[in-house]
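Be aware that the sequence shown starts at 1172, since it is given in my numbering, and climbs by one per residue.
Some hints could be false.
[Said to hold, decoys possible] Here are the computed lysine-lysine pairs in the DSS-like style, where the Cα-Cα straight-line distance is at most 27 angstroms:
(1) Lys1277 to Lys1202
(2) Lys1213 to Lys1277
(3) Lys1202 to Lys1213
Calculated directly from the structure, the hints in this document are not laboratory data.
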Amino acid sequence: MTSQLLFQSIALLYLVATLGESGLGKILDYKGNLAYFQGQFKNSPLAGTTGLLLPVVTLMEVGSGGLAIAGLVQLWTGGGNQWGLWALCLGSLNFIALIFGLRMSKDYGGAAGVTPYLAVALIGLYGFLQG
1172 MTSQLLFQSI ALLYLVATLG ESGLGKILDY KGNLAYFQGQ FKNSPLAGTT GLLLPVVTLM
1232 EVGSGGLAIA GLVQLWTGGG NQWGLWALCL GSLNFIALIF GLRMSKDYGG AAGVTPYLAV
1292 ALIGLYGFLQ G
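Just need the whole structure built from these sequences, with the hints factored in.
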């Protein structure tokens, strides 16, 4: 296994572990997550949009996790890295959306907590773009 393949694989496994798991959790406990979103955004400009935001975030997370799995298969079978690249792009956009939403709800600590996830995704994206 080359160092590039190892790096790219770890970046994609990171997305599966973070966003894939998070999206699956939102699907399995949709009502609980909707209640959390409604409470989180009740005093923000996004208050009336939680019913729309939760499915969008869930689709982004599940999509990124699914693309990451497809990307791992593609990498490991020598088929290229396009799916992994798309997984990291979507994952990065998802982390940006989460940071935006948390900042809009004035949860600055939560937004700061998501920032390292974005940094890891961007480093992974950089690794894909260099290959």
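TODO: Enumerate the violated hints, using their earlier numbering and listing them in ascending order.
DONE: Result: no hint breaks.
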